[in-house]
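Chains A and B supply the protein sequences, listed in that same order.
According to the numbering used here, the residues represented by the first sequence are 1 to 80, in order.
According to the numbering used here, the residues represented by the second sequence are 1 to 142, in order.
To be clear, the hints were calculated from the coordinates, so they are not data collected in a lab.
Keep in mind it's a predicted model, so treat the numbers as computed, not measured.
Some hints here could point you the wrong way.
[As the list claims (entries may be wrong)] Straight-line distance between alpha carbons at most 16 Å, and here's what the computed EDC-like set of lysine to aspartate or glutamate pairs gives:
id : chain 1 : residue 1 : chain 2 : residue 2
1  : B       : K123      : B       : D88
2  : B       : K123      : B       : E41
3  : B       : K123      : A       : E14
4  : B       : K57       : A       : E57
5  : B       : K4        : B       : E18
6  : B       : K83       : B       : E47
7  : B       : K57       : B       : E113
8  : B       : K4        : B       : E31
9  : B       : K115      : B       : E31
10 : B       : K4        : B       : E113
11 : B       : K139      : A       : E14
12 : B       : K57       : A       : D56
[As the list claims (entries may be wrong)] Which stretches of chain B does chain A cover? Using the computed rule of at least three CB atoms under 8 Å from a CB of chain A, they are:
id : segment
13 : 117 to 124
14 : 127 to 140
A virtual CB, placed ideally from N, CA and C, is assigned to each residue, including glycine.
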Amino acid sequence: MIEVTARYFAAFRERAGRDTERVSTRARTAADLYGELARRYGFADSMTRCKVAINDELADWNVALTAGDEVLFFPPVAGG
Amino acid sequence: MSFKITSAVIDPATRKLELEQGAAGACVTFEGWVRNHNDGEAVQALEYEAHQAIAEKEGARIVAEAFERFDVEAVRCEHRVGKLRIGDCAVWVGVSAAHRGAAFDACRYVIDETKARVPIWKKEHYASGATGWVNCATKIAG
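Bound conformation, chain A alone (with noise of 0.2 Å):
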């Protein structure tokens, strides 16, 4: 198990409930976190239409989790 940092926005911080919160998980990536956390607040947008940053840099949602990282799940972007 590792403990992360999970921070929400838009959509997902209002599903969630809450703007952040600490993770203990054994997700080794942030694709299996997102689907961790999907399955827990009732996310349904695919990891596709979704990005995501780790330590505020865009990730890959392939990348591997480390102890303390700060994770942000993007919903699907809306600008313009």
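Since the structure of chain A is provided, determine the placement of chain B on it from the hints.
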């Protein structure tokens, strides 16, 4: 800064002054306005949210790409966050270039990539009192 997230009103006339270059013979600007309807629903107001640091970094990448792809003199983009009213300017893109073709193409490139890539989210407030996050399948539990 070539790509800026701002909570202040965007004034296109002032923004345009930053594009003036002696070498430019063309200027193309785009303004995205808050519209009073979407998908058949009457919209009363919009709220934009962004991750400012990542949005400005990704936006700066888009502007740099526009310089690589098109023969342009200046490229700027500004996007509002916070609560906006119908008719407000939500996003502004401005490009100057020696010739019009590159200016049109670069302006289109910047707004299209911004909409597709930059972490900005839009919440619509409908006349019915309901709200919704645009493009999101995740619904807020009522």
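Has the given pair, K139(B) with E14(A), been kept, meaning a C-alpha gap of at most 16 Å?
It holds: about 9 Å lies between the C-alpha atoms, which stays within 16 Å.
When you check the alpha-carbon spacing of K4(B) and E113(B), does it fall within 16 Å?
holds, 15 Å
Keeping to a limit of 16 Å between CA atoms, is the pair of K123(B) and E14(A) held or broken?
holds, 11 Å
Holds or violated: are the alpha carbons of K83(B) and E47(B) at most 16 Å from each other?
holds, 4 Å
Straight-line Cα separation of K115(B) and E31(B) no greater than 16 Å?
With a Cα-Cα distance of about 13 Å, the restraint between K115(B) and E31(B) holds, given a limit of 16 Å.
Verify this for me: three or more residues of the segment 127 to 140 of chain B with a beta carbon less than 8 Å from a beta carbon of chain A.
Coverage by chain A holds here, the residue count being 8 at a Cβ distance below 8 Å.
Within 16 Å, alpha carbon to alpha carbon, are K123(B) and D88(B)?
holds, 15 Å
Establish whether the coverage given for the segment 117 to 124 of chain B by chain A is satisfied; the threshold is a Cβ-Cβ distance below 8 Å, and no fewer than three residues must meet it.
Since 7 is at least three, the answer is holds.
Between the alpha carbons of K123(B) and E41(B), is the straight-line distance 16 Å or under?
Distance ~13 Å between K123(B) and E41(B) Cα, so the pair holds.
Given the hinted pair K57(B) and D56(A), is their Cα-Cα distance within 16 Å?
holds, 10 Å
Does K4(B) pair with E18(B) here, judged by a C-alpha cut-off of 16 Å?
With Cα atoms ~13 Å apart, K4(B) and E18(B) stay inside 16 Å; holds.
K57(B) and E57(A): Cα distance at most 16 Å?
holds, 9 Å
The earlier numbered hints are all upheld by this structure, with none contradicted.
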